[in-house]
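Number of protein chains: 6
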Amino acid sequence: MLNQKNNDNFLGGPQNFEESDIVIFGAPFDSTTSYRPGTRFGPKSMRSEFFGIETYSPYQDLDLADFTIYDAGDLDLCFGDCSYSLKQIEDMASEILAEGKLPFLLGGEHLVTLGNVRASAARYPDLHILHLDAHADLRDDYLGMQLSHACVIRRCHEILGDGRIFQFGIRSGDKSEFEFAKRHTYMNKFNLEGLENTLEGLRGKPVYLTIDLDILDPSVFPGTGTPEPGGLSFHMLLEGIMKITESMNIVACDLNELSPTYDSSGISTMTACKLLREILLSLSAKQL
Amino acid sequence: MLNQKNNDNFLGGPQNFEESDIVIFGAPFDSTTSYRPGTRFGPKSMRSEFFGIETYSPYQDLDLADFTIYDAGDLDLCFGDCSYSLKQIEDMASEILAEGKLPFLLGGEHLVTLGNVRASAARYPDLHILHLDAHADLRDDYLGMQLSHACVIRRCHEILGDGRIFQFGIRSGDKSEFEFAKRHTYMNKFNLEGLENTLEGLRGKPVYLTIDLDILDPSVFPGTGTPEPGGLSFHMLLEGIMKITESMNIVACDLNELSPTYDSSGISTMTACKLLREILLSLSAKQL
Amino acid sequence: MLNQKNNDNFLGGPQNFEESDIVIFGAPFDSTTSYRPGTRFGPKSMRSEFFGIETYSPYQDLDLADFTIYDAGDLDLCFGDCSYSLKQIEDMASEILAEGKLPFLLGGEHLVTLGNVRASAARYPDLHILHLDAHADLRDDYLGMQLSHACVIRRCHEILGDGRIFQFGIRSGDKSEFEFAKRHTYMNKFNLEGLENTLEGLRGKPVYLTIDLDILDPSVFPGTGTPEPGGLSFHMLLEGIMKITESMNIVACDLNELSPTYDSSGISTMTACKLLREILLSLSAKQL
Amino acid sequence: MLNQKNNDNFLGGPQNFEESDIVIFGAPFDSTTSYRPGTRFGPKSMRSEFFGIETYSPYQDLDLADFTIYDAGDLDLCFGDCSYSLKQIEDMASEILAEGKLPFLLGGEHLVTLGNVRASAARYPDLHILHLDAHADLRDDYLGMQLSHACVIRRCHEILGDGRIFQFGIRSGDKSEFEFAKRHTYMNKFNLEGLENTLEGLRGKPVYLTIDLDILDPSVFPGTGTPEPGGLSFHMLLEGIMKITESMNIVACDLNELSPTYDSSGISTMTACKLLREILLSLSAKQL
Amino acid sequence: MLNQKNNDNFLGGPQNFEESDIVIFGAPFDSTTSYRPGTRFGPKSMRSEFFGIETYSPYQDLDLADFTIYDAGDLDLCFGDCSYSLKQIEDMASEILAEGKLPFLLGGEHLVTLGNVRASAARYPDLHILHLDAHADLRDDYLGMQLSHACVIRRCHEILGDGRIFQFGIRSGDKSEFEFAKRHTYMNKFNLEGLENTLEGLRGKPVYLTIDLDILDPSVFPGTGTPEPGGLSFHMLLEGIMKITESMNIVACDLNELSPTYDSSGISTMTACKLLREILLSLSAKQL
Amino acid sequence: MLNQKNNDNFLGGPQNFEESDIVIFGAPFDSTTSYRPGTRFGPKSMRSEFFGIETYSPYQDLDLADFTIYDAGDLDLCFGDCSYSLKQIEDMASEILAEGKLPFLLGGEHLVTLGNVRASAARYPDLHILHLDAHADLRDDYLGMQLSHACVIRRCHEILGDGRIFQFGIRSGDKSEFEFAKRHTYMNKFNLEGLENTLEGLRGKPVYLTIDLDILDPSVFPGTGTPEPGGLSFHMLLEGIMKITESMNIVACDLNELSPTYDSSGISTMTACKLLREILLSLSAKQL
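Protein chains in written order, with my numbering: chain A, 1 to 288; chain B, 1 to 288; chain C, 1 to 288; chain D, 1 to 288; chain E, 1 to 288; chain F, 1 to 288.
Everything labelled a hint here was simulated from the structure, so no lab data went into it.
Check before you lean on any hint, since a few could be wrong.
Claimed, not checked - Calculated lysine to aspartate or glutamate pairs in the DMTMM-like style (CA-CA distance at most 20 Å, straight line): (1) B:Lys87 <-> B:Glu158; (2) A:Lys175 <-> F:Asp61; (3) F:Lys175 <-> E:Asp61; (4) F:Lys286 <-> F:Asp61; (5) C:Lys205 <-> C:Asp21; (6) A:Lys189 <-> A:Glu200; (7) E:Lys243 <-> E:Glu278; (8) D:Lys189 <-> D:Asp162; (9) A:Lys182 <-> F:Glu54; (10) D:Lys175 <-> B:Asp63; (11) C:Lys182 <-> C:Asp140; (12) E:Lys175 <-> A:Asp66; (13) A:Lys189 <-> F:Glu239; (14) F:Lys189 <-> E:Asp61; (15) F:Lys286 <-> F:Glu200; (16) F:Lys205 <-> F:Asp21; (17) E:Lys182 <-> A:Asp61; (18) B:Lys189 <-> C:Asp61; (19) D:Lys175 <-> B:Asp66; (20) F:Lys189 <-> E:Asp63.
To be verified - Footprint (simulated), chain C over chain D, 3 or more residues, beta carbon under 8 Å: (21) 50-57; (22) 216-223; (23) 234-242; (24) 267-274.
Stated by the list, open to error - Here are the computed distance ranges between Cβ atoms for each label pair: (25) B:Asp66 <-> D:Arg183: 18 to 24 Å; (26) D:Glu158 <-> B:Lys87: 55 to 61 Å; (27) F:Met242 <-> E:Gly201: 42 to 48 Å; (28) B:Phe51 <-> A:His235: 35 to 41 Å.
Being a predicted model, the structure only gives us computed values, none of them experimental.
For each residue, glycine too, the CB sits at the ideal point set by N, CA and C.
Let's have the full structure, built from the sequences with the hints guiding it.
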């Protein structure tokens, strides 16, 4: 009469923290979302629907059943207090990193990335960021606020400095953001062209991978706070991510901006789940 | 770094089977639903949203935090095989009853009741049924099938015989069902009038309480497979249920027919959750 | 290998025009709807979902299976040409009336009533109208247009004159409409009070019954073009209609303003279907 | 070629601040919402749909066209910074009060009330609060945060002290809130009983009226962040509000917690608009 | 006063069984659907919306008005009894085949294919299957059940044996299914590459074409039970199907897994209807 | 205390008619829509959500903040009276053209184009039309009506004559429309191939650009009255439009057929807004 079934973690069965190289945790936070809130339901929706996809990947011929991954659940974040929430995320990530494991953060809005990056940069001073997104997220402030989803990569830049951030797929921002990018980051607009060159240059570096799912076309991923027409197909994104995970030394990463309420068909959640499966498999296979 | 949070049981925290007088389990089954399927998502939706209501009831001045209730999770039922699914439900209920505990079943379609009733009648030969529903569920067969949600009370009657089933709120059925009721059950059409008299007569008997949530008006509970206009308000149903739980010897019970897909506002799930809270509190308080 | 099943009429089986006292026809028209269009889908949605309710009524202990009613299907109306559409409705109704049968019109927006009333008044010069609605529909013109859903009862008044129109449930309109009502119609605001007195006075007269389903509270009937909070419950409306059909000489009638697109739960269509069943049964039983 | 039409204020036409006794302003803020965010879209949705109801009220026989009310639009609030947002609300309200006008605030989540109450209490030291709500909102903190929608009346109590706050309709909260209410506020659970006595005692006092629309039953008002089954009907709430506005000296007020995303039928927005119309008419008529 | 209009068959007008080479029938069955049920509404939704597309195809310069196709309507299948439902489908298909006509089955879930294949294999012992799908459907059992949508092609393999089944577009399954495919079927993963070679080899053979519409990308076809990201565009699928219908000897076929409830925009139903039109035109033109 | 914020025009700030070269106005009209109405809400939805995209375009490196564009708001059109509505549109466009400005019309259904074309052809007798659409819109009448969305380009042809209309992307129509096109217009089916040749030939001519947004694939743009599978991607359409606006002498244009009700995700409105931004920027930059 055990209640294993409603142990709603991604892998369904019993978990083993010690043997896991990757630790998933959710940050259900969307307090600074400026357009349409709801990414707080992202991690919960992914856990709830993950059973709807297979554990086996025909793309990689790998099966999650063959790996040990720990799902630490969601943090209890306080809506309306960004600084404290970021601190909670940073503490969790630091703890995971201290155990020599990879913190895999599920947002929530993109601001949550800052907590994970702070912890990662503390442990890996030479950290570089690969940023896949529709939006530049390079504002200095948004409506007077510096801790905002629209400023998150700018805040990361303050930690890492020039030449450490590589942005792909960017198709939206204000003029100042694109000008900032010209001077301080590498930015490839609209798609993933140039990704291979970038990966060549980053080989061997510790890399933080942050994926804002709105890089996908809204037809593929309508369930997000700020849909931006003209994005990537699922195949383009999957191919790009596989190139990254296979060749880079990923030390921490995140997947964010799923807002399931805006997609009554549920395809956005399935897309997030399938990408999660592929990333987990690729990262896990390398550690064998 | 424990993952207590995604232990998505109704009470959130750690569980203790031994100390619990009530054991909740879900039967996510809707294979015989004839109109609109989807009640399979009922228990999952209730677990997922239960955190959205308080644990404290201002109606009863009681708090779930003060009681120990065990949530055994959902059964793994096979879609398309009714007999086997009912057997799984019966086995689970029998096991709970054998421990001297009350099996609280969450449907699923109404057919699941049959498994719980079979187990309960085996343990309590003098079992009586209180049936709150919009539909009579008294057909002998439905499209040639005897194990159907439209036949469930008829099947219960075959177990218990005349004079043991008391139906309230019934406002739909075919002519033969209403004629069957005249001869074999007590039926109060449309509302809960006469409930107090019935309860008077049942005092001291072992009672199975089955609640098809479509007894509520569709305005209050649109998220169900077969909405039937002209039903009860939330207050009317809550008041009736409280009368039952306070005065009856409930030995097993169920709450069924929540189909969350049909209610994008989510109010049906909240209604099911709030009724669950009130029933759990009322039953638990009696056992103190 | 006959294709009886997709003969999507209300009664499912083969039809017999000669033996039918009532002829149903749909007018899928919403060209003058000013707020939210979509009532064109009303009749189609009702035919599609009618199988979801029983043919037997426990309210009246009558079964549609025991009566012969003819469903003539929907008219092919031209969107954007009100005069011609009204003419098509009038012609259909005249043809039905000429056969001594009752034309039962399913809207569409409320303007369609005018076609049916024109035909009925031509045959029954002493026609009176019972009008159940949230809106007065008494404007002389709406944005310069005289053939508008907001003017339909005013147009009927031009045909019938003072003292022939009795309005119930009205809770919305502009000031001029309520002033017009004081001088030219009988109007009972907000509910059905006074209905019995009115029925007393109309006994023996030929009566046209027009029901705008938005007389119901939006909680009960959200699927309508102009929802107006503060309306009737299902029970109140059903009880009022039963009083009317049982005591009045109904010569023609309509049920309109179902707009299923605005109600993803489907409860509005079920409500319209159930009211249709009850009216058909009540009218048919009288003719036995 | 003027663009008066897209001047999307509530009264449609040109505005006159000087002649207006009432000034409406919106606070599109939901950063502390703990369950389902989205009330930020409340004021916008109301402005957008207000044209869908008449300006004339058959309940009061009054017409908005006969009064001058100023709609100042929505504040530009920064998501994620509660203190600063509340300051902006307070400043706006103070400015309106300084002109001898009534600040009519449209939320947003219930926390916005605090800004308006601060300004009102500063101007009217003897301020009393009439609080209509499903939730007690009396927590000291929520997940460690004191500026939360769940704490807003507790914060108001810190300003006003015992005996100044009168709560009606409350049907949800944790145990400590109900205990706090016993000692520090007047609370009537579940409905509006006792309202007349309260009004008797408040006659002549300066009163702040705060209406959390979730006091309504979710069937009537599904479009809200935290739906709570078992609430008031539209008629019950309208009747209660009319008693208040007719007899009290309302110096400031608010209407909050409309979250239109959760109600695809749009009836929640229409309900909020109709209540707004009735309150504006009642308050305006008194000042004639 | 004929009711031709609500004769809701695909071609609208009167039908002629004798002259038709193709007979359409629906199997509204979804009892074994494991993730999200609702394909039972597929055929009904297609019939209801088919009028929304033209009868003329600019792709083929052909018009349905120039051909005679018989729509036999939907079978009355019993939910919850898979064996009997499959028998009903098989009987219907056998009857159509016996008349020398092509049975065109509309699902429902993919399991319905088995009934049509059984009848076709009985008549054409050399039957080959072309299977377009996102899922392999090659499990031996699913949760202990052998008659499941996830096993349907495996069951077909038991009838036809090795070398007779050709699968395209497959991008999901468990590991054992892909291993089974290596030994017993031809499988092309992810897309339609290699289709022309396959068609070359099948020339002249009797071919059963089964199309699970979830082969399409979820952006194009969200209304399905198990959406699988990374699928075909409409153009890719249409082009592939045209190659098949033009060159193959199709003796029976099906189109399945439309679940309209999950797509409130209705584009999935339109996509299914347009593909149906193109297939019907292509098959009909060959028989001229 | 100014209410600038709810001045819901596209550019947010104060407006200057004199300095604007482009004047936007909306025609919220859908009375002749034959399948699914609702495009009346198109302009309102675009104004309401336009703030959700940036004013800066990374595609063109231009910012709307650097240009002066006048938004005249929406016309008050009478539903159900097509001739008068078209006259209102024509008058508005004539007035704008008389000032030497470009009338940018936002539909509404496609019929509204006729009013704008009438005015434009009166001012530019040598007018040519570039027509991007899924549908040919070349019927002589639709259900007997000549002023219908399905006939709008045919009506334009009556004004302009042969050789003046160039149609792209057309993938639906009845046979007669495609035959009419062969004789009287230039039509490129399915996509934008041949656009460059056409533009070459039109260089220097006054061109009217009409964009029916259903030229996009329904996956990209589900929110439209008549979705037609197999359309353009966002990139393909944007690229085509940019070629047109950069090289052609556009004297008037329109963007129509957004029907937001059918897309609960909101991505269709965002797509329309982004295309509007790009067109406005491209046209404005040329006039510098």
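Against the structure, the hints:
no., hint, in the structure
1, B:Lys87 <-> B:Glu158, "holds, 17 Å"
2, A:Lys175 <-> F:Asp61, "holds, 8 Å"
3, F:Lys175 <-> E:Asp61, "holds, 8 Å"
4, F:Lys286 <-> F:Asp61, "holds, 14 Å"
5, C:Lys205 <-> C:Asp21, "holds, 19 Å"
6, A:Lys189 <-> A:Glu200, "holds, 19 Å"
7, E:Lys243 <-> E:Glu278, "holds, 12 Å"
8, D:Lys189 <-> D:Asp162, "holds, 18 Å"
9, A:Lys182 <-> F:Glu54, "holds, 19 Å"
10, D:Lys175 <-> B:Asp63, "holds, 8 Å"
11, C:Lys182 <-> C:Asp140, "holds, 15 Å"
12, E:Lys175 <-> A:Asp66, "holds, 12 Å"
13, A:Lys189 <-> F:Glu239, "holds, 16 Å"
14, F:Lys189 <-> E:Asp61, "holds, 12 Å"
15, F:Lys286 <-> F:Glu200, "holds, 18 Å"
16, F:Lys205 <-> F:Asp21, "holds, 19 Å"
17, E:Lys182 <-> A:Asp61, "holds, 13 Å"
18, B:Lys189 <-> C:Asp61, "holds, 12 Å"
19, D:Lys175 <-> B:Asp66, "holds, 12 Å"
20, F:Lys189 <-> E:Asp63, "holds, 17 Å"
21, 50-57, "holds (count 5)"
22, 216-223, "holds (count 3)"
23, 234-242, "holds (count 3)"
24, 267-274, "holds (count 4)"
25, B:Asp66 <-> D:Arg183: 18 to 24 Å, "holds, 22 Å"
26, D:Glu158 <-> B:Lys87: 55 to 61 Å, "holds, 60 Å"
27, F:Met242 <-> E:Gly201: 42 to 48 Å, "holds, 46 Å"
28, B:Phe51 <-> A:His235: 35 to 41 Å, "holds, 37 Å"
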